[in-house]
Amino acid sequence: MIDWMRYRVIYFAISAVVIGVGVFSLFKWGLSLGIDFTGGTILEYRLPDGGTKIIKGSLIDQTKREEIKEEIVRFENVGPAIGPELIKKTLYALIISAVAILLWIAYQFKSIKFGISATLATLHDSFVLLGSFALLGHFFGAEVDFLFVTAMLTILSFSVHDTIVVYDRIRESQKKFGGNLYDLANKAISETMVRSLNNSFTIIFMLVALVLLGGETIRWFAVALLIGTISGTYSSPFVAVPILVTWDEIEKKLRLRK
Amino acid sequence: MLQISAPLKKILLILFITAIAVLVDLPSEFNLFGRKFIRPNLDLKLGRFEIKKNLDLTLGLDLAGGSHLVFETDTSKIPSDKRKTAIEGVRGVIEKRVNLFGVSEPSVQTSEFEGKDRILVELPGVKDTQAAVGLIGKTAQLVFAEMIEIPGEAGATPSATLKLTDLTGADLQTADVVFDRETGKPAISIQFTKEGGEKFAEITQRNVKKSLPIILDDAILSAPIVQEEITGGSAQISGSFTLDEAKNLAIQLNAGALPVPIKLVEERTVGAILGVESINKSVKAGLIGVGMVLLFMLLAYGKLGLVADAGLLIFGILTLAIYKLGGVVLTLPGIAGFLLSIGMAVDSNILIFERFKEERKNRPIPDALEISFGRAWDSIRDANVATIITSLVLMNPLNFSFLNSSGPVRGFAITLLFGIIISLFTGIVVSRNLLRIFIKEKND
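Chains as they are written, first to last, in the numbering used here: chain V, 23 to 280; chain C, 77 to 520.
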């Protein structure tokens with residue numbers, strides 16, 4: 023059996039580098055916020071050759087809209103008050119989901135350790151996603167809008183989904199064979215690795231198809247879900263479980279010292 | 077005698093349900109082998125109960141085209157205990173105006189967040205959004221005023237001041253667009269209520285040979301000179317309207333004035349053409365994605381994968397039927413949610429199959445199968461509860477004001493939630509019974 027937990031330091035280092043780059047990008051460039059957050063206007067109209075042209079700006083008034091003779095296919099106008107509200111509502115939604123999931127896991131696995139380490143892994147994925155979008159926003163013009171917010175919440179549950187499957191294996195072996203968490207974790211990760219990869223592949227297939235063919239409106243939404251799925255798949259065996267094992271070891275050492 | 081085993085019975089039942097679902101899924105009209113078929117809508121009579129249901133998929137504004145408008149109400153001048161009534165009043169008036177404007181299936185809702193009251197208006201299929209915004213957003217407070225002369229000093233031009241009367245838009249019975257007999261221009265003919273007619277008679281009697289300004293939202297519409305007392309209870313406003321303006325004003329007067337002023341804070345309009353393009357693109361993406369998932373399962377799990385693929389197809393058919401029956405409004409993010417749930421639906425099968433590979437080493441195949449299903453169920457349940465929690469928070473079914481209630485997010489959450497629940501059914505019940513049959517035949 024592979025001793026996954028032996029290389030914990032490497033996993034933590036990889037995550038630290040990825041999140042480090044993300045946080046750096048966040049501070050350097052910030053997120054490029056869409057009109058859902060900043061307020062403003064998007065106007066898309068059809069060109070004679072069949073394509074469309076998009077004008078973005080701060081609140082375009084109605085007269086400007088009337089100047090455009092071509093057929094307007096999309097017009098969005100968001101007042102400045104909507105953005106701060108969206109941020110607040112997002113935070114509430116994130117907190118409620120995270121706490122509910124934490125409690126659910128803690129209850130199912132009879133341990134707050136499981137709940138918190140799973141939640142930390144989802145936090146990891148959220149940072150990876152935010153950091154990626156700071157980079158993508160700077161280099162490719164990806165904007166953060168309310169669909170991004172939706173993607174972030176969905177990723178929260180994805181990430182936990184995978185983590186629970188691993189935890190479940192740990193719980194089952196614990197009941198059957200007992201033993202320390204280190205070995206149980208290694209066993210559980212080996213047993214769930216193929217499943218975890220295969221399942222992520224099917225989701226990734228779907229999302230890649232959406233990114234490539236799904237059209238402009240949901241492209242970045244699909245990209246956000248894709249990044250989240252990859253990060254979520256990684257974070258279950260390589261963030262949540264290592265945190266759990268490390269926590270368990272520290273706890274045991276402290277107990278011995280007393 | 078032919079014995080039908082329990083799993084076979086279940087599979088037959090599932091196939092029967094799937095067949096019904098296929099009927100529900102069919103588009104309302106389609107061509108097959110050169111013949112044209114029309115799918116009937118649901119119309120059942122069971123004793124006293126009558127079930128009628130249109131089986132067309134309801135498309136959201138982003139797919140069908142239309143406008144999503146958010147207005148903010150200004151309740152600063154209303155005492156706080158009367159605010160709720162005022163907001164409801166606003167909603168009612170807007171609803172009436174929208175209906176009179178002739179929009180099919182509009183939706184007018186109120187939403188409150190941290191003391192700010194909003195009115196959300198959804199207008200499917202509206203082409204001229206600006207006219208709609210103008211129609212909805214105007215307070216349309218109509219007042220009749222009198223001119224009171226102020227005696228000036230000798231030699232100075234006499235000045236006059238406006239005095240508002242108590243005759244307002246609330247005293248109207250109906251308002252109609254007419255054409256002025258002399259000028260041929262559009263005008264508004266109004267019919268007062270009985271009480272309003274009496275007030276009007278009184279006012280006109282007082283003001284013979286004087287001007288009687290008619291004021292709409294603090295601007296003078298027209299100021300006709302009263303020739304004689306008018307007792308018939310009707311009057312005509314002939315400002316300089318275009319026909320559309322006159323029509324809008326008639327609608328506003330008929331629907332009543334807004335109790336408080338409102339202003340547009342958000343607008344999202346999507347043309348119907350863009351919607352059709354979005355549908356085509358996502359259907360294409362979906363088909364290719366599903367094809368890849370089906371192929372992957374086949375390559376990774378062989379015959380087992382075939383069972384999972386069958387389960388997945390049944391999942392797709394059932395899900396679409398439930399969207400139709402449950403009245404799910406399909407939006408673009410909703411389609412993404414559906415496709416995502418297809419990607420996730422195979423997860424329960426993958427979990428079971430991986431487990432089956434392990435268990436098969438230690439036990440006979442039928443036992444290994446049952447044990448795999450039993451053990452994998454714990455993981456499947458625990459893991460899916462987490463996703464269900466998140467989709468419920470996103471969906472916000474109880475309309476908590478501190479959470480999002482915007483259409484696209486909700487559309488995504490609803491399809492994801494339905495998808496997960498149905499995938500639990502197909503992943504467990506359908507695949508399990510299919511596998512039982514295959515394995516039994518193998519043993520026989």
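Treat the hints with caution; some may be incorrect.
Unchecked claim - With a straight-line Cα cutoff of 25 Å, these simulated BS3-like cross-link-like pairs (lysine-lysine) come out:
1. Lys197(V) x Lys437(C)
2. Lys239(C) x Lys270(C)
3. Lys437(C) x Lys198(V)
4. Lys198(V) x Lys209(V)
5. Lys91(V) x Lys203(C)
6. Lys239(C) x Lys78(V)
7. Lys209(V) x Lys203(C)
8. Lys75(V) x Lys323(C)
9. Lys172(C) x Lys110(V)
10. Lys78(V) x Lys433(C)
11. Lys209(V) x Lys153(C)
12. Lys214(C) x Lys158(C)
13. Lys172(C) x Lys75(V)
14. Lys214(C) x Lys261(C)
15. Lys433(C) x Lys198(V)
16. Lys192(C) x Lys172(C)
17. Lys110(V) x Lys339(C)
18. Lys153(C) x Lys197(V)
19. Lys203(C) x Lys153(C)
20. Lys112(C) x Lys153(C)
21. Lys286(C) x Lys203(C)
22. Lys75(V) x Lys203(C)
23. Lys214(C) x Lys110(V)
24. Lys357(C) x Lys78(V)
25. Lys110(V) x Lys91(V)
26. Lys239(C) x Lys261(C)
To be verified - Distance windows between CB atoms, simulated:
27. Leu89(C) x Asp71(V): 37 to 45 Å
28. Ile154(C) x Lys75(V): 52 to 60 Å
29. Glu89(V) x Lys192(C): 30 to 38 Å
30. Lys78(V) x Asp204(C): 45 to 53 Å
31. Asp443(C) x Asp25(V): 28 to 36 Å
32. Gly201(C) x Tyr129(V): 41 to 49 Å
33. Phe49(V) x Leu89(C): 42 to 50 Å
34. Met23(V) x Val359(C): 54 to 62 Å
35. Ile513(C) x Gly52(V): 29 to 37 Å
36. Asp443(C) x Phe49(V): 55 to 63 Å
37. Ile134(V) x Asp204(C): 52 to 60 Å
The set of hints was computed from the structure by calculation and includes no laboratory data.
We treat Cβ as the ideally placed atom computed from N, Cα and C, and that holds for glycine.
Against which earlier hints does the structure fall short, listed by number upward? 6, 7, 8, 9, 10, 11, 13, 18, 19, 20, 21, 23, 25, 26, 27, 28, 30, 33, 34 and 35
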